[in-house]
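Student: Position chain B against the provided structure of chain A, taking the given hints into account.
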Amino acid sequence: MEDIIVRYVTRIILPFVQLYGLYVVLHGHLSPGGGFSGGAIIGASMILYALAFNLSAGSKKLSHDVSSALESGGALLFAGMGIFAILLGTNFLGNKVAGIPIGTPGNLFSSGAIMIITFGVGVKVASTMITLFYSLIEGEDHSHDHD
Amino acid sequence: MSIVNHFPVLAVVVLLLFAYLMPLLMRWRKEWCVPATLGAIGFSLIASLYMMWQVMTTGPFMYQMGSWAPPWGIEFSIDYLAVFATMTITIVGLIVIYYGTQDLLHELKEQVMGWYYTLYLLLMASMIGMVLTNDLFNMFVFVEICAIASCGIISIKESRECIEAAFKYLVLSAVGSGCLLLAIAMIYMVTGHLNFTYVAQALPQVMDLYPLNILVSLALFLVGLGVKAALFPLHVWLPDAHSSAPSPSSAVLSGLVIKVYAIAMIKLLYKVYPPELLGMAPIMNMILWMATLAIIIGSMFAIVQDDIKKMLAYSSIAQIGYVFLGVGLMSESALQGGILHIFNHAIMKSMLFLSAGAIIYATGTRKLSDLKGIGITLPVPTIAFSLGAFAMVGIPITNGFISKWYLALGSLDVGRPFFAAVILVSSLLNGIYYLPIVVNAFFGEPEGAVAEPRPLPRQMVVSLILLGSGVILFGVFPSLILGVVSKAAQSLLGLL
Numbered sequence: 001m002e003d004i005i006v007r008y009v010t011r012i013i014l015p016f017v018q019l020y021g022l023y024v025v026l027h028g029h030l031s032p033g034g035g036f037s038g039g040a041i042i043g044a045s046m047i048l049y050a051l052a053f054n055l056s057a058g059s060k061k062l063s064h065d066v067s068s069a070l071e072s073g074g075a076l077l078f079a080g081m082g083i084f085a086i087l088l089g090t091n092f093l094g095n096k097v098a099g100i101p102i103g104t105p106g107n108l109f110s111s112g113a114i115m116i117i118t119f120g121v122g123v124k125v126a127s128t129m130i131t132l133f134y135s136l137i138e139g140e141d142h143s144h145d146h147d
Numbered sequence: 001m002s003i004v005n006h007f008p009v010l011a012v013v014v015l016l017l018f019a020y021l022m023p024l025l026m027r028w029r030k031e032w033c034v035p036a037t038l039g040a041i042g043f044s045l046i047a048s049l050y051m052m053w054q055v056m057t058t059g060p061f062m063y064q065m066g067s068w069a070p071p072w073g074i075e076f077s078i079d080y081l082a083v084f085a086t087m088t089i090t091i092v093g094l095i096v097i098y099y100g101t102q103d104l105l106h107e108l109k110e111q112v113m114g115w116y117y118t119l120y121l122l123l124m125a126s127m128i129g130m131v132l133t134n135d136l137f138n139m140f141v142f143v144e145i146c147a148i149a150s151c152g153i154i155s156i157k158e159s160r161e162c163i164e165a166a167f168k169y170l171v172l173s174a175v176g177s178g179c180l181l182l183a184i185a186m187i188y189m190v191t192g193h194l195n196f197t198y199v200a201q202a203l204p205q206v207m208d209l210y211p212l213n214i215l216v217s218l219a220l221f222l223v224g225l226g227v228k229a230a231l232f233p234l235h236v237w238l239p240d241a242h243s244s245a246p247s248p249s250s251a252v253l254s255g256l257v258i259k260v261y262a263i264a265m266i267k268l269l270y271k272v273y274p275p276e277l278l279g280m281a282p283i284m285n286m287i288l289w290m291a292t293l294a295i296i297i298g299s300m301f302a303i304v305q306d307d308i309k310k311m312l313a314y315s316s317i318a319q320i321g322y323v324f325l326g327v328g329l330m331s332e333s334a335l336q337g338g339i340l341h342i343f344n345h346a347i348m349k350s351m352l353f354l355s356a357g358a359i360i361y362a363t364g365t366r367k368l369s370d371l372k373g374i375g376i377t378l379p380v381p382t383i384a385f386s387l388g389a390f391a392m393v394g395i396p397i398t399n400g401f402i403s404k405w406y407l408a409l410g411s412l413d414v415g416r417p418f419f420a421a422v423i424l425v426s427s428l429l430n431g432i433y434y435l436p437i438v439v440n441a442f443f444g445e446p447e448g449a450v451a452e453p454r455p456l457p458r459q460m461v462v463s464l465i466l467l468g469s470g471v472i473l474f475g476v477f478p479s480l481i482l483g484v485v486s487k488a489a490q491s492l493l494g495l496l
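Heads up: the protein sequence lines correspond to chains A and B, in order. In terms of the numbering used here, the first sequence has 47 at position 47, counting the first letter as 1, and numbering is strictly consecutive. In terms of the numbering used here, the second sequence has 114 at position 114, counting the first letter as 1, and numbering is strictly consecutive.
Simulated from the structure, these hints should not be mistaken for lab results. Quick reminder that beta carbons are idealized off the backbone N, C-alpha and C, glycines included. Treat the hints with caution; some may be incorrect.
Heads up, incomplete: computed chain A residues facing chain B, CB under 8 Å, no partners named [unchecked claim]:
id, residue
1, Ser72
2, Leu76
3, Thr90
Okay, chain A solo, but in the shape it has when bound:
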């Protein structure tokens, strides 16, 4: 669909949507929201892009392969942080007790491992949304879904 209004509005609001999504992800420990909600916002922005410009333009920015690799990466980052705490000598997902620097409460960098984990969740949710979208859109001709 060629719609000049949709494309123009998308072009204007897209950076703001993504920046807001990133803000929600990174402030997960300080404000409402977090990895899931922020990731959903970022994922929605990518879906908006692919809807407004067509699918091939969308997959040029972020292909199906890359988004499913990111999906694994986000989850692996979460599990990796948990195991990192074990390597530091505490229980799984240990944060302050593991000696990860916490910082001053209220600042952006004030939660040690939580921020990295939230970021992992954000990546996972955003890429999952995009992957689901691609799988639905590509439907028939995609190898994962059909003959």
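Tutor: Relative to the frame of chain A, chain B by itself:
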């Protein structure tokens, strides 16, 4: 601090880690998928055997996530029941997926193989997590992962029946999950805790204030976990789901997944709810009657089936009845029998499904009436099937006899010989549908595809031999497993 202290969480996390690694491996290192899957489950097996040794020598212990003490943090409770269940899950899971590495090649399309391993590892991780966790909400999360992964490994075959069965399962298990979440919310409302230990401490204090909330939560737990465990009137999804899935999926779903929910129910009934509450409502009697109906009616349905996997699926409904019979009788021997039956049935039902899968692989037929003379042309799967059939009937020197023996003893202990008679009748019913197949298989004339089967790959034969020797080993030397089972039963009944 060495790595062995973290085995409880690593047994779950390593599986999750490899589950997410699998799509990446599939893209770049396809040949690593199988060894990585086997390695991850092998690691969990070693971890669970080590935990078992630890629990048997030094007693149960707790593992706190992130070193946060409860009630704030999530806990894993490594007690007798948990290590027993973890060991069952990892041993059977490893053997089934070893078999699956060959069987799946002909049942699934090549592109989805990697996804199958992802789903399988997620399923294993969620089952181990469910038996280890000491936290209600954590349990709910694992229940959800388990439900989604189970639907995945059914529908991955992409045939019409599989998708229909998986959808039915998905809808019904979503109803079950909803019940569980509501029950957990009700418990949290009146106690303010999610940790099993704290809930168990708080419940007797608030029981008189909010008796209805607590009873409703118990009823919802029974329905929620009952749907997922396929307890009799709630079993409608099971026959289609377990019979249409690929054989390794059927084996793991029938052998392990439905039992895990039974273990969750045992934990709730014996560790969380106060015994006085069980006197307020006839909950144990209800479980007993549902189990009795499951045992009788499940076997009756199985008699009339002509599809080998459908018959095994109906037989699972009867067998989960035994487990709940052991739970409901409230006696030490019966509880031992019920818990032991989880292990025994896991071995024999996965063996039956795998040998059925091997027969289907080699001959292409799933009709029981076509299997005349298969014992001559395909000895290994048929002998495995016969062993499983004998164990189902409960013939001595097979492990099925031991668990039925304990269940019968337990029902006599509490002075309810009716249930011993139920076990006897159901053994006869099992004989009616299993033994003719065995007789036909060995004393019939092979014809058609049965006369010239495809040769079986080594992985299938080895898995069947391993499971078959397990049936005999734990039938002749039940003390190998009874040690941990009786400790589990005693600690649940508060006798330890």
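Student: Does each hint fit the structure? Answer for all of them.
Tutor: Here's how the hints hold up against the structure:
no.	hint	verdict
1	Ser72	holds (5 Å)
2	Leu76	holds (5 Å)
3	Thr90	holds (5 Å)
Of the hints listed earlier, there is not a single one the structure fails to meet.
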